[in-house]
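Visitor: Listed below are the residues making up each chain.
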Amino acid sequence: MKINFSINNSAKSIEINPSETLYEVLNKCGFSSVKKACGTSSCGICTVLLDGKPIPSCSYLAAKVDQHNITTIEGVQQEAELLGDLMNREGAVQCGFCTPGFLLTIIAMKKELVNPDIQQIKNYLVGNLCRCTGYEGQLRAIRRYMEVGR
Amino acid sequence: MKNDISTPVKREDVSEKLLGTACYIGDLKLEDMMYARTLRSTEPRARLISIKYPEMPLGYFVVDRKDVPGKNIIKMIIDDQPYFAEDIVNYIGEPIALIVGKDKTIINELISKTNIEYEKIKPIFSIDERHETTTPIYGDSNTFAAYRLKKGDISEARAKARYICEDIYETGYQEQFYMETQGVIAEYQEGKATIYGSIQCPYYVKNAVVECLGCAPDMVRIVQATTGGAFGGKEDYPSLLAGQAICAAIKVNKPVCLLLERDEDLEVTTKRHPSRIKIKSFIDENHKILGMDAEIMLDAGAYAGLSGVVLQRAMFAIAGVYNIENIKVKGRAIATNKAVSGAFRGFGSPQAFFAIEMHMQNVAKKLRIDPLQFRLDNILKQGDKSTTGGVFRDKILLHEMVARVMEMSNYAEKKRSFQGSDNQKRRGLGLSMFFHGCGFTGNGERDHIKGKARLIKNEEDIVEILIANVEMGQGAGTTMRKIVSAALDIPISRVMYRNPDTDRVPDSGPTVASRTTVIVGKLVYDAAVELKAKWQQGVQQQAEIEYQYPEGYQWDNESFAGDAYTSYSWGVNVVDVEVDTITYESEIKGVWAVFDIGKSIDDRNVKGQIDGGIVQGLGYGAMEVMENVGGRFKQRTSADYIIPTAMDIPMIQSELMCEPYTEGPFGAKGLGELSLVGSPIAYAMAVEDALGIRINSIPVRPEFLMEVAENDKRNHFKTKR
Ligand code: FES
Ligand code: FES
Chain P
1 MKINFSINNS
11 AKSIEINPSE
21 TLYEVLNKCG
31 FSSVKKACGT
41 SSCGICTVLL
51 DGKPIPSCSY
61 LAAKVDQHNI
71 TTIEGVQQEA
81 ELLGDLMNRE
91 GAVQCGFCTP
101 GFLLTIIAMK
111 KELVNPDIQQ
121 IKNYLVGNLC
131 RCTGYEGQLR
141 AIRRYMEVGR
Chain B
1 MKNDISTPVK
11 REDVSEKLLG
21 TACYIGDLKL
31 EDMMYARTLR
41 STEPRARLIS
51 IKYPEMPLGY
61 FVVDRKDVPG
71 KNIIKMIIDD
81 QPYFAEDIVN
91 YIGEPIALIV
101 GKDKTIINEL
111 ISKTNIEYEK
121 IKPIFSIDER
131 HETTTPIYGD
141 SNTFAAYRLK
151 KGDISEARAK
161 ARYICEDIYE
171 TGYQEQFYME
181 TQGVIAEYQE
191 GKATIYGSIQ
201 CPYYVKNAVV
211 ECLGCAPDMV
221 RIVQATTGGA
231 FGGKEDYPSL
241 LAGQAICAAI
251 KVNKPVCLLL
261 ERDEDLEVTT
271 KRHPSRIKIK
281 SFIDENHKIL
291 GMDAEIMLDA
301 GAYAGLSGVV
311 LQRAMFAIAG
321 VYNIENIKVK
331 GRAIATNKAV
341 SGAFRGFGSP
351 QAFFAIEMHM
361 QNVAKKLRID
371 PLQFRLDNIL
381 KQGDKSTTGG
391 VFRDKILLHE
401 MVARVMEMSN
411 YAEKKRSFQG
421 SDNQKRRGLG
431 LSMFFHGCGF
441 TGNGERDHIK
451 GKARLIKNEE
461 DIVEILIANV
471 EMGQGAGTTM
481 RKIVSAALDI
491 PISRVMYRNP
501 DTDRVPDSGP
511 TVASRTTVIV
521 GKLVYDAAVE
531 LKAKWQQGVQ
541 QQAEIEYQYP
551 EGYQWDNESF
561 AGDAYTSYSW
571 GVNVVDVEVD
581 TITYESEIKG
591 VWAVFDIGKS
601 IDDRNVKGQI
611 DGGIVQGLGY
621 GAMEVMENVG
631 GRFKQRTSAD
641 YIIPTAMDIP
651 MIQSELMCEP
661 YTEGPFGAKG
671 LGELSLVGSP
681 IAYAMAVEDA
691 LGIRINSIPV
701 RPEFLMEVAE
711 NDKRNHFKTK
721 R
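The listed protein sequences derive, respectively, from chains P and B. With our numbering applied, the first sequence covers 1 to 150. With our numbering applied, the second sequence covers 1 to 721.
Worth flagging that the hints you see were computed from the coordinates, not collected in a lab. One or more hints might be untrue.
20 Å max Cα-Cα, derived SDA-like pairs, lysine to any residue [said to hold, decoys possible]:
(1) P:K28 <-> B:Y553
(2) P:K122 <-> B:P650
(3) B:K29 <-> P:C29
(4) B:K104 <-> P:K122
(5) B:K102 <-> P:C29
(6) B:K381 <-> B:Y553
(7) P:K28 <-> B:K104
(8) B:K10 <-> P:E79
(9) P:K122 <-> B:M647
(10) P:K110 <-> B:K278
(11) P:K111 <-> P:P18
(12) B:K29 <-> P:G52
(13) B:K102 <-> P:E24
(14) B:K365 <-> B:D377
(15) P:K122 <-> B:T645
(16) B:K10 <-> P:Q77
(17) P:K28 <-> B:G101
(18) P:K110 <-> P:R143
(19) B:K278 <-> B:E325
(20) B:K365 <-> B:K415
(21) B:K589 <-> B:E655
(22) B:K589 <-> P:S19
(23) P:K28 <-> B:L28
(24) P:K122 <-> B:Q653
(25) B:K104 <-> P:S32
(26) B:K634 <-> B:T42
(27) B:K102 <-> P:I16
(28) B:K102 <-> P:S19
(29) B:K330 <-> B:G139
(30) P:K28 <-> B:T105
(31) B:K102 <-> P:N17
(32) P:K122 <-> B:I642
Just a sample of chain B residues kept apart from chain P, beta carbon distances all over 12 Å, derived [unchecked claim]:
(33) V62
(34) N115
(35) D128
(36) Q176
(37) G214
(38) C215
(39) T227
(40) K385
Glycine included, each C-beta is placed from N, C-alpha and C at the ideal position.
Given only the sequences and the hints, what does the whole structure look like? Please build it.
Guide: See below:
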């Protein structure tokens with residue numbers, strides 16, 4: 001089947017197999033920033049934004065993104081650089097495997113939540129696992145990031 | 001003024017990780033690459049009678065033991081584990097063959113259509129099973145390693161003792177759960193084998209592949225891909241994958257990619273050894289510990305792997321931070337029909353420290369004396385001897401560290417206010433003290449590894465560090481660049497580090513045992529000093545240094561006598577916990593930590609290691625449950641094996657208090673593993689404190705607490721007349 005969607009604000013029309021996941025399709029299209037780990041929506045590694053909201057692309061049928069907007073880290077370079085710099089300063093980038101998914105989730109959170117407290121932030125991040133950093137660095141970086149532009 | 005080396009710099013690997021352009025093994029696509037999936041045993045122990053494969057479509061192949069050109073045995077300490085099962089399988093998930101082809105769905109179908117006929121053999125699942133009743137998996141006694149350690153005179157200690165206290169402790173499995181699963185890509189061209197992989201130890205993989213192929217060493221090249229976490233899990237297991245993949249690449253004459261799926265990785269790769277530790281201590285009327293008699297049993301799984309060395313580290317750590325002059329330790333690594341237990345951050349020491357720390361606490365309670373005071377009164381100091389009779393040469397800062405961590409956590413005040421509460425929610429505090437011996441245990445560095453590091457400088461005076469140690473998230477690349485830049489007094493931008501390629505780098509040893517900074521960092525430092533002495537601008541130059549065992553230390557591997565390690569890092573952790581006395585759920589309110597790591601090479605990387613290690617340790621102590629029933633793991637999907645999320649983590653406050661190590665680069669010692677050891681213990685103690693019960697196993701689970709709270713207080717304590 002054919003789907004039409006926009007990826008990082010550029011329109012795309014591609015032929016897919018109805019059983020294919022969004023992750024598989026993105027991978028085929030060369031978006032290698034999107035990684036996969038569990039394949040069962042339990043780690044957040046494969047996160048992309050669907051109309052601005054984080055979803056696990058490994059368990060999302062590509063057919064469902066027809067007529068929607070998908071954002072990967074390539075599509076939010078400016079924001080990612082700003083947040084990435086804060087993450088780096090807090091030592092929150094270690095093996096880096098979780099990093100693109102984390103950045104996208106945080107960027108979406110900033111748009112979605114107004115003045116979240118620490119508990120709300122943690123709640124938002126609960127689906128994104130990181131085994132290296134203990135989340136401490138990320139949380140420090142997020143607190144700074146939420147201040148930016150206020 | 002010159003910057004202190006501890007001042008953070010930007011890591012060289014951060015930009016590409018933020019942009020998502022870093023090339024992990026799954027991102028590497030070679031031309032004409034084929035995929036492989038593993039056909040695995042579904043029986044814990046059986047003889048393979050027959051394997052009936054469906055007809056292979058064109059371009060699909062079976063690769064098994066008959067396709068191994070050299071030895072079908074993974075080169076490790078004991079030669080017992082095959083790449084592909086011969087006629088016996090010893091655990092559920094043991095690889096029998098690879099199916100290789102272009103399309104993963106077709107491969108999966110072919111695997112599901114394969115019929116294996118087994119003849120079952122009575123399996124061994126528990127370290128308690130008496131192997132006399134069944135056939136041993138390994139050797140006559142079913143143990144991969146059985147060691148004894150003796151110091152002083154235990155019978156004299158026993159005779160003089162006023163009190164004797166005996167306890168048994170148990171620890172469970174822990175899965176490394178690196179976010180990126182294991183994987184390799186192998187290609188074979190004109191007689192040369194190249195393996196790309198997510199690995200910790202390029203030369204381990206190389207040596208294994210050389211034997212697997214039976215070829216000359218220069219015909220094998222190993223290249224590390226950006227590695228998405230490892231924590232010990234990618235120490236020995238990648239050798240197995242690499243051997244299998246290269247056999248496949250030779251057979252199909254195309255590059256072969258072998259990546260594990262998450263659940264597969266969880267089920268079949270190595271995990272932390274479950275342990276049972278019995279400690280009996282002999283104490284005099286002044287509450288001094290005269291002696292200790294201990295027995296350590298590790299559940300090693302189906303093959304030997306690294307169990308012998310894990311066991312040694314556990315045995316040598318069994319006295320904890322206490323000065324005990326008379327010691328007897330018996331250790332065994334027992335074979336069971338389960339996935340192979342292996343390396344995981346701490347390598348035997350988290351099990352041992354958990355046992356001794358909980359035991360000390362318990363002894364004091366039995367004696368009705370203040371536990372912390374009792375522990376501090378028996379603590380090691382400079383000049384005391386280790387369990388193996390080596391001398392602690394450097395100043396030990398434990399008293400100062402304890403004082404500081406108590407101040408940071410407001411310990412005394414909290415302790416008072418938590419006492420005597422009969423609220424539904426009870427608070428408790430725990431404090432752990434621990435060390436980690438840096439570098440390989442015993443004669444490893446001196447006789448087995450003999451690491452070499454090389455620096456080369458090009459005509460533009462750019463210096464490249466050539467070592468086999470990998471960046472796997474911990475910051476090794478930056479650490480090494482900082483050491484070289486400071487030693488040569490050149491800007492860090494002029495120092496390069498790339499992922500190792502065994503065709504370019506000498507064997508500086510594996511990236512394990514908290515040795516990278518203290519041992520390899522020192523080699524790199526010494527090479528920089530040599531290069532500086534002969535530095536000629538605009539000229540290509542190089543310097544190479546080989547490891548020298550430091551003077552004045554000694555070790556005898558037969559009797560386990562002498563300096564098991566040449567340096568020790570130290571730590572003290574406090575955990576504050578709140579436990580609900582109805583649900584027995586607990587919430588960690590805060591963690592405070594002080595570490596002595598000699599010198600921080602980069603404060604930011606150090607903090608990253610500390611935070612990450614503490615949280616992994618809390619996972620180990622509080623929530624990561626992995627049980628094996630009948631040879632099968634109950635938690636074998638990532639949805640079942642629960643690791644800490646952002647929701648579970650408390651505020652962590654850490655500081656350094658450092659005693660520089662003269663043999664380390666700029667005084668630095670090891671850190672990576674140390675950071676995990678203390679938090680599970682402090683957590684378990686805090687829960688004990690909150691509920692007024694005894695805990696003798698981790699992970700501490702609500703169901704377990706409920707049970708303990710009900711039938712509490714078994715008394716192992718005997719007072720001699
Ligand atoms: S890979 Fe998609 S949630 Fe884990
Ligand atoms: S940085 Fe390694 S998993 Fe997050």
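Visitor: Give me the numbers of the hints this structure contradicts, sorted from smallest to largest.
Guide: Of the numbered hints given earlier, those the structure breaks are 1, 4, 10, 11, 12, 22, 36 and 39, listed in rising order.
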